[in-house]
Amino acid sequence: MKKNFSALSILLFLALVLLPAVPAHAQCKLGVPSIKVGVQGAASGPHADYGRQIEMGATMAAEEINAAGGILGCKVETRFMDDENKAATGVKNARLLVTDWGAHFTVGTDSSGVAMAMGPVLAELKRIHFFTHAATHRLTEELVAAKHIKEIVRVSVPIYQDAIIAALIFKDRKDIKRWANIGADYEYGYVAWNLFKETLKKHRPDVEFVGEAWAPFLTLDFSPHISAVMAQKPDAIFATPWAGEAVQLLRQALIQGVFDNVQVWWQAMGGSVDVLEGISAEVQKDRFKGKLWATARYIHNWPDTPENKSFIERYRKRWARFPNYSAETTYSALFIMKAAVEKARSLETAKVIDAMKGMQIRNPGGLRVFRSEDQQFIYNVPAGRPVMDAKYPIPVLGDLKVFQAKDYYRHPPFTPVAVTK
Amino acid sequence: MENIAFQGLIGLSLAMYLWLISAGLTIIFGVLGIVNFAHGSLFMVGAYLAYTCYGPMGLPFPVAILLSLLGTGLLGFVMERGFLSRIYGIDEAYQLLLTFGFILILDDAVKMIWGGVFKIPPIPAFLDGAVPVFGRFFPVYNLFVIAVGLLVAVVLWLVFEKTWWGRIVRATAADREMAGAIGVNVPRVFSGVFVVGAMLAALGGAIGIPVRVVAPGIGAAMIIQAFIITVIGGLGNLKGAFVSSLIVGILSAYGTLFFPVFELFFIFVIMAVVLLVRPQGLFTR
Numbered sequence: 040m041k042k043n044f045s046a047l048s049i050l051l052f053l054a055l056v057l058l059p060a061v062p063a064h065a066q067c068k069l070g071v072p073s074i075k076v077g078v079q080g081a082a083s084g085p086h087a088d089y090g091r092q093i094e095m096g097a098t099m100a101a102e103e104i105n106a107a108g109g110i111l112g113c114k115v116e117t118r119f120m121d122d123e124n125k126a127a128t129g130v131k132n133a134r135l136l137v138t139d140w141g142a143h144f145t146v147g148t149d150s151s152g153v154a155m156a157m158g159p160v161l162a163e164l165k166r167i168h169f170f171t172h173a174a175t176h177r178l179t180e181e182l183v184a185a186k187h188i189k190e191i192v193r194v195s196v197p198i199y200q201d202a203i204i205a206a207l208i209f210k211d212r213k214d215i216k217r218w219a220n221i222g223a224d225y226e227y228g229y230v231a232w233n234l235f236k237e238t239l240k241k242h243r244p245d246v247e248f249v250g251e252a253w254a255p256f257l258t259l260d261f262s263p264h265i266s267a268v269m270a271q272k273p274d275a276i277f278a279t280p281w282a283g284e285a286v287q288l289l290r291q292a293l294i295q296g297v298f299d300n301v302q303v304w305w306q307a308m309g310g311s312v313d314v315l316e317g318i319s320a321e322v323q324k325d326r327f328k329g330k331l332w333a334t335a336r337y338i339h340n341w342p343d344t345p346e347n348k349s350f351i352e353r354y355r356k357r358w359a360r361f362p363n364y365s366a367e368t369t370y371s372a373l374f375i376m377k378a379a380v381e382k383a384r385s386l387e388t389a390k391v392i393d394a395m396k397g398m399q400i401r402n403p404g405g406l407r408v409f410r411s412e413d414q415q416f417i418y419n420v421p422a423g424r425p426v427m428d429a430k431y432p433i434p435v436l437g438d439l440k441v442f443q444a445k446d447y448y449r450h451p452p453f454t455p456v457a458v459t460k
Numbered sequence: 002m003e004n005i006a007f008q009g010l011i012g013l014s015l016a017m018y019l020w021l022i023s024a025g026l027t028i029i030f031g032v033l034g035i036v037n038f039a040h041g042s043l044f045m046v047g048a049y050l051a052y053t054c055y056g057p058m059g060l061p062f063p064v065a066i067l068l069s070l071l072g073t074g075l076l077g078f079v080m081e082r083g084f085l086s087r088i089y090g091i092d093e094a095y096q097l098l099l100t101f102g103f104i105l106i107l108d109d110a111v112k113m114i115w116g117g118v119f120k121i122p123p124i125p126a127f128l129d130g131a132v133p134v135f136g137r138f139f140p141v142y143n144l145f146v147i148a149v150g151l152l153v154a155v156v157l158w159l160v161f162e163k164t165w166w167g168r169i170v171r172a173t174a175a176d177r178e179m180a181g182a183i184g185v186n187v188p189r190v191f192s193g194v195f196v197v198g199a200m201l202a203a204l205g206g207a208i209g210i211p212v213r214v215v216a217p218g219i220g221a222a223m224i225i226q227a228f229i230i231t232v233i234g235g236l237g238n239l240k241g242a243f244v245s246s247l248i249v250g251i252l253s254a255y256g257t258l259f260f261p262v263f264e265l266f267f268i269f270v271i272m273a274v275v276l277l278v279r280p281q282g283l284f285t286r
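Those sequence lines, one after another, are chains A and B.
For the first sequence, this note's numbering assigns the number 40 to the initial residue and increments by one for each residue that follows.
For the second sequence, this note's numbering assigns the number 2 to the initial residue and increments by one for each residue that follows.
A portion of the hints provided could be inaccurate.
Claimed, not checked - DSS-like mimics (lysine-lysine), calculated; alpha carbons at most 25 Å apart, straight line: (1) A:125 <-> B:120; (2) A:272 <-> A:236; (3) B:163 <-> A:356; (4) A:330 <-> A:440; (5) A:165 <-> A:330; (6) A:440 <-> A:348; (7) A:324 <-> B:120; (8) A:445 <-> A:396; (9) A:328 <-> A:216; (10) B:112 <-> A:131; (11) A:125 <-> B:112; (12) A:186 <-> A:396; (13) A:330 <-> A:272.
Derived from the structure by calculation, the hints contain no laboratory data.
All chains, please: the whole structure from these sequences, using the hints.
Here is the structure:
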């Protein structure tokens, strides 16, 4: 009896003394307790769904990576912070995530304004931020290609999607000569409109740009903007307010009878899940009369690949929602990070960036190819018209127009685009 | 010419939203002497309550608005009786702190209750569609907003100018000690006025839910405009708030039409000019 007891106590002793001596991260080949990924997005206000979707995408990616053994045996840990769509908050969060929490990488960011403010700070913090929504071309064309801030990597397609694709689709519509703009009143809206005009003018010297109205964030009433541009009798509207603001803009346009008077309404990021949910009743009743066109930085019904289908299935099971583009881009960003860290076998910025050179990676959204000059991942997303499809409970983009990325991305060396209204 | 008239009418509907929210703000200041920074939050709470009653609960839109007014009025009552009434006698800085605290609390509360994602319920059938005006299509919804705004203006004018209750309130606003001395129950008047102010904010929020999104942060967007309007009209001056709502609403609609690039400056330029020329506001004697 006594002997048994001592054997037990020796076992207990071993358990108590030896187990803590083997640290939990011993199996992590990078020598850290975990790989910490700071996540940021707008999680309040009319744009809140994007930040939520960023968080959901990051969380699901981390869960899947960890379930499959982590990155070189290291667990991935995420922490989400709301940047409130404000530059100052985004910068403050980035500092806090890196210096206080110890993030090795950061990911996310919805607004171009927030992204441009964060860029120089990332260089100072020496941490790579994978941008997964912010769209201004300047983030990669200026801050990376011209100013060489290596800490900026963009996984989501920039403003080329919002502006150049629209010009390529509508250049062949000879019936549309007069374009008017209802723009988001900040850099994103200005660049989108300028880039659209520049591209369309090249193909169609005969088109006229007849009116513009600008609406800042938190505009609740677009009626004056709509009636102001409609006073110019445009054939088509180019609109860049996004998220909840896109939904109320479209609704206010409907009740002003705009869709009886224009041929086309381009709602740049109207293919986003929250917008499609918001206009579902109107699409069902065909109130846009087939004149509404939109795109996104990923749409869940394209591409028709097993990877994408399985992603949608897992995402819906996990969150009971369809993934928005900011969810797919953030989810993919974590897998890009995983691939790069595994190749670099290091968390150092220079080595991880080096490991991304020449990277081609299959994500739910399709094949992404890393472009070194501006550290932009290249992939293509179609544009189309919101329609009901028996397979989905919410509208999806149908009548898809697919363009190859090389045909609508801007390429280095980059020429300047006006960033003012 | 038709376009100018049409834009003016659009501006009028914009003005009515501004009027509803600034009316409550200016009444509360005029009588209680409180600058209620949380007035925008009451606007937001009103919008959310109306959304819940009309959207998920499926009540008729007018009933939803009514319930939202009652709910927000109750919240206003609690705010005034439970908190604001304790600081009437002390330095004004405390009012700012307290009402600012309410902004943060209510902003977070709506996020906890309704989540961060925007809500937008369908347009009620009787307000859908457009009518031909000046050769174009004017939304029935905006006509409805104009009608409600004007109705509220008439009712407020009647109540304040023509009723016994209005006289009591005006007397209390003019001299609360004297009013108390002749037997007016001043605390009760204060509560009543604050509740009415809160309900006006709620009406401004509730009336727009099918065409404007309901989201955290919409209160902050409104409060700045409401303040500018009350400053232009003269703090505490109801007629001033009405006229300056019209000025700001209609001029900013014209700004969008004629000077799209500078439109945002308009409202601030008007305020700056008024502050320079008549710092007490257009209508304060």
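Outcome of the hint check:
Of the supplied pair hints, the one linking residue 125 of chain A and residue 120 of chain B holds, its CA atoms being roughly 21 Å apart against a limit of 25 Å. Among the hinted pairs, residue 272 of chain A with residue 236 of chain A is consistent with the structure: their alpha-carbon atoms are about 18 Å apart, no more than 25 Å. For the hint linking residue 163 of chain B to residue 356 of chain A, the alpha-carbon distance of about 62 Å lies beyond 25 Å, and the restraint is violated. As the CA atoms of residue 330 of chain A and residue 440 of chain A are separated by approximately 15 Å, the hinted pair is consistent with the 25 Å bound.
Under the criterion of a C-alpha separation no larger than 25 Å, the hint pairing residue 165 of chain A with residue 330 of chain A is inconsistent with the structure, at around 47 Å. Under the criterion of a C-alpha separation no larger than 25 Å, the hint pairing residue 440 of chain A with residue 348 of chain A is consistent with the structure, at around 20 Å. Using a Cα cut-off of 25 Å, the hinted pair residue 324 of chain A and residue 120 of chain B holds, with the two alpha carbons roughly 20 Å apart. Of the supplied pair hints, the one linking residue 445 of chain A and residue 396 of chain A holds, its CA atoms being roughly 18 Å apart against a limit of 25 Å.
For the given pair, residue 328 of chain A sits about 20 Å from residue 216 of chain A by alpha-carbon distance, which is consistent with the 25 Å threshold. For the proposed pair residue 112 of chain B and residue 131 of chain A, the alpha carbon gap of about 22 Å is at most 25 Å, so the pair holds. For the hint linking residue 125 of chain A to residue 112 of chain B, the alpha-carbon distance of about 18 Å falls within 25 Å, and the restraint holds. Straight-line distance between C-alpha atoms of residue 186 of chain A and residue 396 of chain A comes to about 18 Å, which keeps the hinted pair within the 25 Å bound.
Only pairs whose Cα atoms come within 25 Å are accepted, and residue 330 of chain A paired with residue 272 of chain A is accepted, the gap being roughly 16 Å.
Against the hints set out earlier in the document, violations occur for numbers 3 and 5.
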